[in-house]
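> Going line by line, the protein sequences match chains A and B. If you're matching positions, the first sequence starts at 1 in the numbering used here and goes up one per residue. If you're matching positions, the second sequence starts at 1 in the numbering used here and goes up one per residue.
Think of the hints as simulated: they come from the structure by calculation, not from any bench. None of these values were measured; they are calculated from a predicted model. Heads up, none of these hints are tricks.
Covered stretches of chain A, as calculated for chain B (at least 3 residues, CB under 8 Å):
id, segment
1, 128–135
2, 160–166
Straight-line distance between alpha carbons at most 30 Å, and here's what the computed DSSO-like set of lysine-lysine pairs gives:
id, chain 1, residue 1, chain 2, residue 2
3, A, Lys144, B, Lys327
4, B, Lys116, B, Lys175
5, A, Lys267, A, Lys37
6, A, Lys139, A, Lys156
7, A, Lys156, B, Lys327
8, A, Lys139, B, Lys327
9, A, Lys37, A, Lys71
10, B, Lys116, B, Lys269
11, A, Lys92, A, Lys71
Okay, the calculated beta carbon distance ranges per label pair:
id, chain 1, residue 1, chain 2, residue 2, range
12, A, Asp157, B, Trp152, 50 to 56 Å
13, B, Ala240, A, Thr78, 22 to 28 Å
14, A, Lys37, B, Lys327, 42 to 48 Å
15, B, Leu314, A, Ser194, 42 to 48 Å
16, A, Arg97, B, Asp184, 34 to 40 Å
17, B, Asp226, A, Asp157, 25 to 31 Å
18, B, Ser224, A, Asn25, 35 to 41 Å
19, A, Thr78, B, Val190, 56 to 62 Å
20, B, Val127, A, Gly75, 40 to 46 Å
21, A, Ser194, B, Ala240, 25 to 31 Å
22, B, Val127, A, Ser194, 39 to 45 Å
Idealized CB from N, CA, C, for every residue including glycine.
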Amino acid sequence: MSTAESPTTAAPAAAATRGHVEITNVRKSFGGTEVLKGVSLTVPPGGVAVIVGPSGSGKSTLLRTINHLEKVDGGYITIDGQLVGYQLRGNKLHELREKDILEQRTDIGMVFQNFNLFPHLTALENVTEAPVVALHRNKAGARKRALELLDRVGLKDRADAYPRQLSGGQQQRVAIARALALDPKILLFDEPTSALDPELVNEVLDVIRELATSGTTLIIVTHEMGFARDVADTVVFMDEGQIVEQGSPREIFANPREPRTRSFFSKVIEPAFNI
Amino acid sequence: MSSAATTVAQSAQQSAPEPAPASAFLEHSAVEESPTAAAAQGAAAQGAVARPAAGYSGYKLVPARHPWRWVGTAVVALGVVAVAWSLATNPRWEWGVVAQWFTAQSVVNGLVETLKLTAISGALGFVLGFILALMRLSASPLLLSVSWTFSWIFRSTPLLVQMLLWYNLGYLYEKISLGIPFTDIRFFEVQTTTLISQFAAAVLGLTLNQAAYSAEIIRGGILSVDPGQLEAAAALGIPAWRRSTRIVLPQAMRAILPTAFNEIIGLVKGTSIVYVLAYSELFYTVQVIYNRTQQVLPLLLVATLWYVAITSVLSIFQYYIERHYSKGAVRNLPLTPLQKARKFFSTHPAVNFDRAKDAR
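Generate coordinates for the entire structure from the input sequences, incorporating the hints supplied.
The structure is reproduced here in C-alpha cells:
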C-alpha cells in the first residue's frame with residue numbers, strides 16, 4: 001500500500017497495443033435533464049482511468065456509452081479508431097445493426113455494481129455462456145479457459161456453485177472472470193465494490209489491481225479513493241455531466257486545481273489520508 | 001485484528017477471579033473454569049432465593065399442552081369419517097354403476113379426446129402466448145398494439161361464443177383461400193366447412209383463448225426478471241433470441257409456472273365446453289350415456305374421478321418442474337417426498353433388521 005509503488009505516470013505495462021479509447025464531446029439527456037454535457041476523454045492502450053465524482057455526476061452513464069448500452073445524443077466514441085455503435089455512410093453516422101453492436105461488445109467487458117450474474121447458471125456456466133454463444137468457441141475449450149479464469153480470481157473450487165451460494169465478493173469475482181472470458185480489449189467497471197460489505201471490498205480490488213498490470217485498458221467508476229490512488233494512471237473527476245479535472249493521482253489528490261475538486265475530496269477523503 | 005482479540009481474551013482471564021459475578025449464570029461458568037471463585041458462589045446463591053443449589057440442569061422439559069387443538073382435530077376427523085361413511089353407504093351414489101362405466105371403452109375414448117384437446121391447445125396456446133408476450137414487450141408500436149388487441153378481444157368474449165363462431169365460420173366465409181389480396185390470383189382454395197371440423201373448431205377456439213391468457217402470464221413472468229440480467233447479457237454480446245430463451249425465460253419460469261399450471265388444470269376441465277360442438281370428449285360422452293341410461297349422478301362421478309386423476313398427475317408434474325426451475329434460486333433444494341421416503345427407509349430399517357436378527 002506504499003505510495004512509492006503506485007504507478008503515477010501513464011506508462012502501461014506489457015506494451016499494450018490495443019484498447020485505445022477516444023471519447024469525443026459526448027452528450028446524453030434523460031427526459032429533460034442533460035446528464036452528459038460534452039465529455040471528452042482519451043485512455044491510451046493498457047491505460048487505467050478511474051472516474052470519480054459525486055452521485056448523479058454522469059460517471060456511470062459515460063461508462064455505459066462506451067459499450068453502447070446507452071446511446072449517445074451527440075459526439076462519438078472510438079475504440080482503436082473504430083466508431084462504437086455507428087458507421088459513417090455519406091456524411092451521416094448510421095447506427096449499426098444489433099448483430100454488429102453485439103460483435104463490438106465482445107471487445108468490451110463490463111462489470112456491474114450488482115454483479116448481474118445469471119442466478120440459474122453455475123459460476124462455470126456464467127463464464128462459458130458468452131464465449132460459446134457470442135464468439136462461437138467450442139464448449140470444451142471455453143470450459144478449460146473458464147476454469148483458468150476462475151482460478152485466476154481464486155474461485156476454481158467454486159466452479160459448480162450457483163451465484164446465490166457465493167458471497168458478494170465471490171460473485172463479483174465470478175463476474176470479472178465472465179467479463180475476461182471474451183478476451184476484451186477494454187474492461188469497464190461500474191462501481192464494482194459499492195454493493196459489497198466493507199470486509200469483502202479488498203478481495204475484489206485485489207483482482208482488479210492484478211488486471212491493471214495486464215495490458216488491458218481499464219476504465220473504472222468507483223468511490224474507493226485509496227484504490228483509485230493506487231491503481232490509476234489517470235484520475236478523472238466528473239461533476240454535473242462534465243469532466244472538471246483530470247490528471248495523475250498525485251496531481252488530482254494532492255494538488256487539485258479546481259475549487260470543486262478540492263471541496264469534493266475534502267468531503268470524501270478523511271484528513272489523515274496520506275498522499 | 002487478531003492481536004486485539006488476544007488482548008481482550010487475556011484481560012478477561014485476569015479479571016475473572018477477582019470480583020463476585022453479578023449474574024448467577026456468569027457465576028456458574030466461572031466456577032467450572034476457576035476454583036478460586038468458589039467463595040463467590042455462596043454469595044451469589046444467597047441472591048437467588050427459589051433456585052435449587054444445583055441449577056435447573058437435572059429437570060425434565062415438558063412442552064406446553066394444547067387441549068383445544070385435540071378437540072378441533074377430533075371434530076374435523078369426525079366430519080371426514082361422516083362424509084366417507086355416507087359416500088360408502090348411501091346406495092344412491094351407485095358405486096357399482098360408477099365402476100361399470102369408469103373403464104368402459106366409450107368413456108376411455110372420451111378421456112383420450114380430452115387429453116388430446118388439452119395437450120394440443122395447451123401447447124399451441126402457450127407457444128402463441130409466448131410470441132404474443134414478446135410482441136407486447138417489443139419496442140414496435142405495431143407489434144405491441146396487435147398483441148394488446150388480441151388479448152383484449154379473446155379475453156372479452158365468452159369461450160362458448162368463440163367456439164360456436166369458429167364452428168360456424170363456413171356461414172360467414174364460404175371458402176378459405178390463399179392468394180394475393182385484391183387480385184384474382186389464388187394458390188389454394190378450400191370449402192370452409194371441410195376445413196373446420198369439430199376437432200379443428202375445438203382446437204382453434206381453445207388455443208386462441210388460451211394464448212390470450214398465457215400471453216399475460218408469460219409477460220408477467222418476464223417482467224419479474226431483473227432488467228440487469230438483460231443488460232449483462234447484452235453487454236456480453238449474447239444475441240436477442242438467446243437472451244430471451246436462455247437468460248430471461250428460465251428465470252421467468254419461477255413466476256410463470258404456478259399460474260401456468262392453474263391455466264392448464266383449468267383447461268383440462270375447460271375442454272368440457274366443446275360439448276356444444278357435439279365433440280365426443282369425456283364430458284360429452286358421459287352426457288350421451290346418462291341421457292340414455294338416466295344414471296346422471298354416477299356418470300358425472302365417472303367424469304369427475306377422471307378429471308381428479310388428470311389433475312393429480314399434473315400437480316405432480318408441477319412439483320417437479322417447479323423444483324427444476326428453482327435451481328440457483330434457493331441455496332439448497334428441499335428433498336422431494338420420494339427422497340424423504342427413501343431417506344426414512346434407509347435410516348430406519350436398521351432397527352427392523354436388528355429386531356429380525358434378535359427374533360432368530
